[in-house]
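Protein chains in written order, with the numbering used here: chain A, 1 to 203; chain B, 1 to 471.
One or more of the hints may lead you astray.
[To be verified] Label-pair distances were calculated between CB atoms; the ranges are:
| hint | chain 1 | residue 1 | chain 2 | residue 2 | range |
| --- | --- | --- | --- | --- | --- |
| 1 | B | GLN75 | A | GLU52 | 19 to 27 Å |
| 2 | A | LYS57 | B | GLY330 | 28 to 36 Å |
| 3 | A | ASP7 | B | GLY268 | 22 to 30 Å |
| 4 | B | LYS387 | A | GLY39 | 42 to 50 Å |
| 5 | A | LYS57 | B | PRO54 | 42 to 50 Å |
| 6 | B | ASP236 | A | ALA187 | 29 to 37 Å |
| 7 | A | PRO159 | B | THR17 | 41 to 49 Å |
| 8 | A | LYS57 | B | PRO337 | 20 to 28 Å |
Derived by calculation from the structure, the hints in this document are not laboratory data. For each residue, glycine too, the CB sits at the ideal point set by N, CA and C.
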Amino acid sequence: MLNTRFDTIRGRAVAVPGDDIDTDRIIPASFMKVITFDGIGQYAFYGERFDENGYRKNHPLDAPQHQGAAVLISGRNFGCGSSREHAPQALYRFGFRAIIAESFAEIFFGNCTMLGLPCVSVSTEARAALEAFSNQHPDKDIEVDLVNCVVRAGDQSYPFTMKQSALEALREGEWDPLAKLMANQDAIRATAAKLPYLAWNRG
Amino acid sequence: MSKNLYKKVWDAHTVATLPGGANQIFIGLHLIHEVTSPQAFAAIREMKLTVPFPERTVATVDHIVPTDTRERPFQDSLAEGMIVALRDNCAEYGIRYFGETDPDQGIVHIIGPELGLTQPGLTICCGDSHTSTHGAFGAVAFGIGTSQVRDVLATQTLAMAPLKVRRVEVNGKLSPGVYAKDVILHIIRQLGVNGGTGYAYEFAGSTIDAMTMEERMTVCNMSIEGGARVGYCNPDETTFAYLKGRKYAPTGADWDAAVQWWRSLASGPDAEYDDVVVIDAADIHPTLTWGINPGQAVTIDETIPSADQMPAEERSTWQEALEYMKLEAGTPIKGVPVDVAFIGSCTNGRISDLREVATYVKGRKVRDGVKAIIVPGSWHVALEAEKEGLPEIFEAAGFEWRKPGCSMCLAMNPDKLQGDQLCASSSNRNFKGRQGSARGRTVLMSPVMVAAAAISGQLTDAREVFDIQEA
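My request is simple: use the sequences and hints to build the entire structure.
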């Protein structure tokens, strides 16, 4: 089972400004009363995009010039809070294929990686420049180059960082680890055999 | 230098090192609930995989259960669909399931410890970020996504890179009216909501050592609110005394062997850390949030920060928070009117929380116009409270006494804020819209501070309302 190997992701970008954007905001809990992720994309940032009567509130995600954007730009500590995979699932199903932010919350970052949704971290200055670019040139692609670890916008490029294990997993097409985990059956049994608590009564 | 607890537990559970440097980690206890597991079961069913260690997974229903009635089917057909899916999935794969009326049911992070399933030295995971709660026992416990729930069901392992470890040492005696909740809110305020990213927090020092297990759980519970996926305390006599005799704790010779192993896991005096932070308990006062993340907090005597008190990089979030909360910079937090009071959640829904609240609300009355609800964390908590006569005290004071569940912490059940109501809450997150209304406002604080807010109808100092003084 080999997943897609990522090298460069290209797409038009949209910025959702702000720091510490939490996963409750990305997908409100009221849309998690589901047993599949199908159709969850339409609820991304719902509380920010719609008022209580269901009318649009002029959120960047609904701006005509940003329809079809595949790259999301945001601030510090993006995806903090709940571990809900519904958040990256909603963003992926909304159409995003890469997220650029100053930094990411740990669990969200891992959840995105396991979906093949790269999260790259850039400096405050680069984030501001990319945000400005996406606003001025909503019709132009931004490139997230995972081989050279740079984001390109127009004639500018900005270095990004990403946890090495995630970067390699995405480049090598091994971001969904299940096959690798399953291949180690003997080692799993051997580790379990050494853990004292598996043998205790009522354990 | 010796290994800290995190490293010892991690190494003992390492199955393999994967390409890219992540480890394959064996999971000692996998907890599941109705919200984050159905897609994982669907995936293993579709891939025709088995569950090789079904006895190492335990399920309960907590997020969507109504707290006024347990009558089935639930009025909310989506909630009913979720509970049916969980029950059927557990039956199909041979997983222990505590349903909505089971005496062992409750919030997953309350029942793990009270049943003795949570033990030192285990790796514990759950599709829920507050899994860090279980770290109070010296377990390495963390939240995971649904794809990882799939991995654990299918292999009892998951892929994860190890964390760095920061020792957060809190020393000294807490003043009367200052609780474990204030300790963790203070830590988050000091270290930031993303200060713990990439770290496990080891909570230590004389303040933590003197805490009960329930207090340690409150502290570890909110590690993730400081960005730390894992928070833990070293196991000690307090830990062992709590666990002894619990339903799933080992007995006899196995108990003795267990205690010996648990002792060996604690970080020694020469343990190595990536970082150390020292906090003086004397600096911790009753703390509450004013904004839209748990780090935006002040003590009850402070004013809501003004622009010049905010670092430049936090000013836009500060502005956004003030607008959302409808609060004015530079004004006292004390005196802000409260519409709703919520006591419960995996942070503060335990028996010791309820006992403490009962002590102070006995003979007092919730202010007219304030909706006040108390939701026990589990049936065991509820039954113990009933045995001690606490519900009568709460109801006489004007609080509603509910059935166990997550309730208004995240409002996936019918308990929700309306419009822009402001809620004094003993829960863990004050995010925009968190309590069920897109304009709802949450102020986090200790249960006793919530009780004081309910009684005075405004954010207030519980020490004044309840005359809490040095003994």
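Cross-check of the supplied hints:
Look at GLN75/B against GLU52/A: about 21 Å separates their beta carbons, and that is inside 19 to 27 Å. Hint check: LYS57/A to GLY330/B, Cβ distance near 29 Å, so the stated range 28 to 36 Å holds. Hint check: ASP7/A to GLY268/B, Cβ distance near 47 Å, so the stated range 22 to 30 Å is violated. Checked against the hint of 42 to 50 Å, the C-beta distance between LYS387/B and GLY39/A comes to roughly 46 Å, which is consistent with it.
Take LYS57/A and PRO54/B: their Cβ atoms lie about 46 Å apart, and the range 42 to 50 Å holds. Between ASP236/B and ALA187/A the beta carbons are some 33 Å apart, a value that agrees with the proposed interval 29 to 37 Å. Judged by the Cβ atoms, the range 41 to 49 Å given for PRO159/A and THR17/B is violated: they are separated by roughly 28 Å. The hinted range of 20 to 28 Å is satisfied by LYS57/A and PRO337/B, whose Cβ atoms lie roughly 27 Å apart.
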